[in-house]
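Given these sequences and hints, build the entire structure.
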Amino acid sequence: LRGKGRLAGSTLDLSELDGKLYGGELHAPLRVDWKDGIRAKGEARVTGVEIGPIVKLTTQSASLSGKLHAHGGYTLAAKDAARLVDSLRASFKFQVKNGVLYNFDLANAVRSLAKEGTRGGQTSFSELSGTVNLVGKNTQLRDLKVASGILQASGNVDIAASKKLAGTVTVE
255 LRGKGRLAGS TLDLSELDGK LYGGELHAPL RVDWKDGIRA KGEARVTGVE
305 IGPIVKLTTQ SASLSGKLHA HGGYTLAAKD AARLVDSLRA SFKFQVKNGV
355 LYNFDLANAV RSLAKEGTRG GQTSFSELSG TVNLVGKNTQ LRDLKVASGI
405 LQASGNVDIA ASKKLAGTVT VE
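The sequence shown finishes on residue 426 if you use my numbering, and the numbering steps up by one all the way, no holes.
I should point out that these hints are in silico values taken from the structure, not numbers from a laboratory.
Note that the structure is predicted; figures quoted are calculated from it, not measured.
Keep in mind that a hint or two might mislead.
Think about it this way: if two alpha-carbon atoms lie no more than 30 Å apart in a straight line, the pair counts; the simulated DSS-like pairs of lysine-lysine are [unchecked claim]:
id: 1; residue 1: Lys418; residue 2: Lys295
id: 2; residue 1: Lys258; residue 2: Lys321
id: 3; residue 1: Lys347; residue 2: Lys310
id: 4; residue 1: Lys333; residue 2: Lys417
id: 5; residue 1: Lys274; residue 2: Lys418
id: 6; residue 1: Lys289; residue 2: Lys333
id: 7; residue 1: Lys258; residue 2: Lys274
id: 8; residue 1: Lys295; residue 2: Lys258
id: 9; residue 1: Lys417; residue 2: Lys351
Here are the simulated distance ranges between beta carbons [to be verified]:
id: 10; residue 1: Leu280; residue 2: Asn357; range: 25 to 31 Å
id: 11; residue 1: Ala336; residue 2: Gly302; range: 30 to 36 Å
id: 12; residue 1: His325; residue 2: Ala415; range: 22 to 28 Å
id: 13; residue 1: Thr422; residue 2: Ser345; range: 17 to 23 Å
id: 14; residue 1: Glu270; residue 2: Asp412; range: 16 to 22 Å
id: 15; residue 1: Arg285; residue 2: Ser380; range: 35 to 41 Å
id: 16; residue 1: Leu405; residue 2: Ala335; range: 18 to 24 Å
id: 17; residue 1: Ser345; residue 2: Asp267; range: 32 to 38 Å
id: 18; residue 1: Val411; residue 2: Ala336; range: 27 to 33 Å
id: 19; residue 1: Lys333; residue 2: Leu280; range: 25 to 31 Å
Built from N, CA and C at the ideal position, the CB exists for glycine as well.
As structure tokens, then:
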């Protein structure tokens, strides 16, 4: 990780924040101000990052592999550090190439016409893309697209802070 910035009073401006991460690269300039509460604003771009280890850090229920390419921005603002997570607003366009979604066989779910999907198996894909919006502790996945041979899927999914899922997915 390498950074270059300027600290002036109650503002830290990291104009360069670059690093190597899980086989890929990260570029994430940011600005933090703590004069009246804490405010942070930044952008991030990752290229060629192996997503599997990152997914394992964030969830026990799903596993995914592939090379992640993503870019977007975020803001945080709160009176104190304890409330920063609730104020998170972020939007990132992403693409995962040549990966596998483990513990879910999308083709088998379609064949069996399961109303709640099936557990187990795996789905290999050439591309998974979409936009992830983070609003506090809630996650919105928009314009999801999965290409897996002749199998194509698209949809929108919401994941509440309680881990409750809602949304629609269309599979062809």
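Now for the hints, and whether the structure bears them out:
1. For a cut-off of 30 Å, the pair hint linking lysine 418 to lysine 295 stands: about 28 Å separates their Cα positions.
2. Straight-line distance between C-alpha atoms of lysine 258 and lysine 321 comes to about 27 Å, which keeps the hinted pair within the 30 Å bound.
3. Distance check on the hinted pair: lysine 347 and lysine 310 sit about 20 Å apart at the alpha-carbon level, within 30 Å; holds.
4. Restraint check for lysine 333 and lysine 417: satisfied, since their Cα atoms lie roughly 27 Å apart, inside the 30 Å limit.
5. About 34 Å separates the Cα atoms of lysine 274 and lysine 418, which puts this hinted pair outside 30 Å; it is violated.
6. The suggested pairing of lysine 289 with lysine 333 holds, with an alpha-carbon distance near 10 Å, which does not exceed 30 Å.
7. For the hint linking lysine 258 to lysine 274, the alpha-carbon distance of about 16 Å falls within 30 Å, and the restraint holds.
8. About 16 Å separates the Cα atoms of lysine 295 and lysine 258, which keeps this hinted pair within 30 Å; it holds.
9. Pair hint lysine 417 plus lysine 351 holds up; C-alpha atoms about 26 Å apart against a cutoff of 30 Å.
10. Separated by about 27 Å at the C-beta atoms, leucine 280 and asparagine 357 satisfy the suggested range of 25 to 31 Å.
11. Evaluation of the 30 to 36 Å hint for alanine 336 and glycine 302 yields a pass: the beta carbon distance comes to about 35 Å.
12. In this structure the hint that histidine 325 and alanine 415 lie 22 to 28 Å apart at CB holds, the actual value being about 25 Å.
13. Taken as a hint, the range 17 to 23 Å holds for the pair threonine 422 and serine 345, whose Cβ atoms sit roughly 20 Å apart.
14. At about 35 Å, the CB distance of glutamate 270 to aspartate 412 disagrees with the hint of 16 to 22 Å.
15. Separated by about 37 Å at the C-beta atoms, arginine 285 and serine 380 satisfy the suggested range of 35 to 41 Å.
16. The hint said 18 to 24 Å for the Cβ distance between leucine 405 and alanine 335, and at roughly 45 Å that hint is violated.
17. Serine 345 and aspartate 267 have their C-beta atoms about 22 Å apart, which leaves the hinted 32 to 38 Å range violated.
18. For the pair valine 411 and alanine 336, the beta carbons lie near 29 Å from each other, so the given range of 27 to 33 Å is met.
19. Between lysine 333 and leucine 280 the Cβ separation comes to about 29 Å, which falls inside the hinted range of 25 to 31 Å.
The structure does not agree with the numbered hints 5, 14, 16 and 17 stated previously, though it agrees with the rest.
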